[in-house]
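First to last, the protein sequences are chains U and F.
Here the first sequence is numbered in the working numbering, starting from 20 and rising by one per residue.
Here the second sequence is numbered in the working numbering, starting from 40 and rising by one per residue.
Derived by calculation from the structure, the hints in this document are not laboratory data.
Some hints could be false.
Said to hold, decoys possible - Okay, derived cross-link-like pairs now, DSS-like style, lysine-lysine, Cα gap no bigger than 27 angstroms in a straight line:
1) F/K485 / U/K149
2) F/K129 / F/K119
3) F/K200 / F/K129
4) F/K382 / F/K365
5) F/K94 / F/K365
6) F/K467 / U/K184
Just so it is clear, the structure is predicted and the values come from calculations on it, not from any experiment.
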Amino acid sequence: MLALIYFIILAVITLGAAACVLLSRHPLYGGLSLIVSMVSLAGIYGLIGSPFLGVVQVMVYAGAIMMLVTFVIMVLNGARDSKTPMFDKVSLFIIPAVIVLAGLVGFALVRSPLAFDTTTLRGSVALTSKTLFDVAQTGPGYFVLFEILGLLLLSAMVAAVLLAKKRLGSVESENMEDKH
Amino acid sequence: MDIIESKTWIEWLITIAKFAFCFVPVLYILLLIPMERRGAGFMQDRQGPNRSYIKIPYFGKIRLLGYVQNMCDGTKLFFKEMFAPAGVNKVLYYVAPAIPFAIVFLSPCVIPWFGPMVFEWGGQMVRIPGSIIDSDVGVLLLFGFSSLSAFGAVLAGWASKSKYSFLGALRTSSMTISYEVCLGLSMMGILLLAGSFNLTDIVSWQEHHVWGIVAQPVAFFCFLIASIAETGRAPFDVAEGEPELVAGYHTEYGAMQFGLFYMGEYSHICINSFLIATLFLGGYAVPFVTTETMQAHMGGSLAILCGVLAFLALAFLHMIHRYSKKLAATNLTNRFEILREYKLYNIVAWTAVVVLVILAFFAWFFYNPQSMVIGGVAVGSLSTALGTALIHLLVLVVKSVIFCWVWIWVRWTLPRFRYDHVMSLGWKIILNIALINLVVTAVIAKLVGGN
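Input sequences plus hints: build the corresponding full structure.
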């Protein structure tokens, strides 16, 4: 009962903040609403018995990634312009996609049994690592996916570093770091 | 309600009383500000602020060795006008200082302040964990909170609409991201050895094997440097570097709003030194003595504790004696006032010594609590558990105060780094050392311990 009340409060905050991301004109306010939404989503994760996922949500998304996003908003002076129209031509493609996705998620949610049960532990540290890194033949085999994902992220990072280095291979870019 | 009946009243009492530990970082501010000011004075061969006093009728002035300065600072900050420059973003300008200060109250919840209290109550064994939240995510929660607290500085810099604040905010956000990576990676070695994220488990691993600083010396230094950098103090004060950016992200703040940032910074030091003490210096564990041994000889342990405190009081008395001898030889005009104050300290400290020695005597000879056996496990009484918790707490506080002093020591010793030096130190040196350390630790742990 108590957990259900907490769940409703957190769900309202999450959805409200998510709506604010779309409705706010200012990019920085949008980013802040996204942070609030993510933190309360982490609270929901903790409530339904996976504290590990919740903490990782706070640490990685609300902490690191949103910090980078605010950094970019500030550097690119995006915060100065708050007169961007909310809808333009691109929205024609995005809005149907969002509606279809919402329909799919709603369908899946309606079909699955909705039992709100806070007592079972779904994502403790031990359980998560056991599921992810089960190298047994009969196991789910997530560890292969995990390794491949790691490689993918690594290659993405290398590509980003290469893209960020202008004039690749020229003499100036080599000497840039030493001068300052 | 079954949730209330699930625990006895004594469990509820202790569980709720543990929330008082949320205020430890705020109390540490009171310790850290005089420590910083007098410490800076000590390093630069001057007195430091020690002249503010309270006047007590029929006695004279009391200066408390400079501690009264705290009250003056606090009073001044509280009664100043809250002022916002024209053109700031009003909402974010007022919200921003509250964020780091609010996080301060959340952060202490995962630190184990004492070992799990196990005692007998009403014929049953009761176990109360030493941290406010005893979760298996433990230290990750602390990292999550501390990564959120940087948003305060970032928003303050943006909302101030000033170029200096803005640059300070940008530097804060980039530095937080870089050094949190180092912090997390250098911590992973000890987590791998202990096999848990839970800080209580980590401390009990250290208690029964070796301290983290012995098992992971490289990681300790990486962690120390990264956490000094993360608090944003000199020599890593690029975010509020006075020669370049006036005061960085809090240039436009005054009065208690500035005070909130200031207190947030000091509380961050406190939390980080508690974290280092817990991860690498055995946390609440008493050196060379396990908790079981201590509980088996509770009276003796309490007597030794009283003895140590009495020794500290004697050291204080010696200090006062030397001060007053030096002072009596000078011809300062206020020397009689100060000597009278020192006489008061003499009386207080001698009383403390006598009381502590008597307490130690009684604890040693007359206090010998029996343990009961419940379900094949020997379980002590409530008073044994409370005594153990007290000793654990004091040990943890001593360890963390040592690290607080390291912060001040580093600040007043090293010259400050340039921004690009800080970045290359973080990404090119510390990160790589921490990564190599993690790999080596993993290989050795696999070879020695099997799984």
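Here is what the structure says about each hint:
1. F/K485 / U/K149: 18 angstroms, holds
2. F/K129 / F/K119: 19 angstroms, holds
3. F/K200 / F/K129: 11 angstroms, holds
4. F/K382 / F/K365: Within the cut-off at roughly 14 angstroms; holds.
5. F/K94 / F/K365: 24 angstroms, holds
6. F/K467 / U/K184: 17 angstroms, holds
Violated hints: none; the structure is consistent with every hint.
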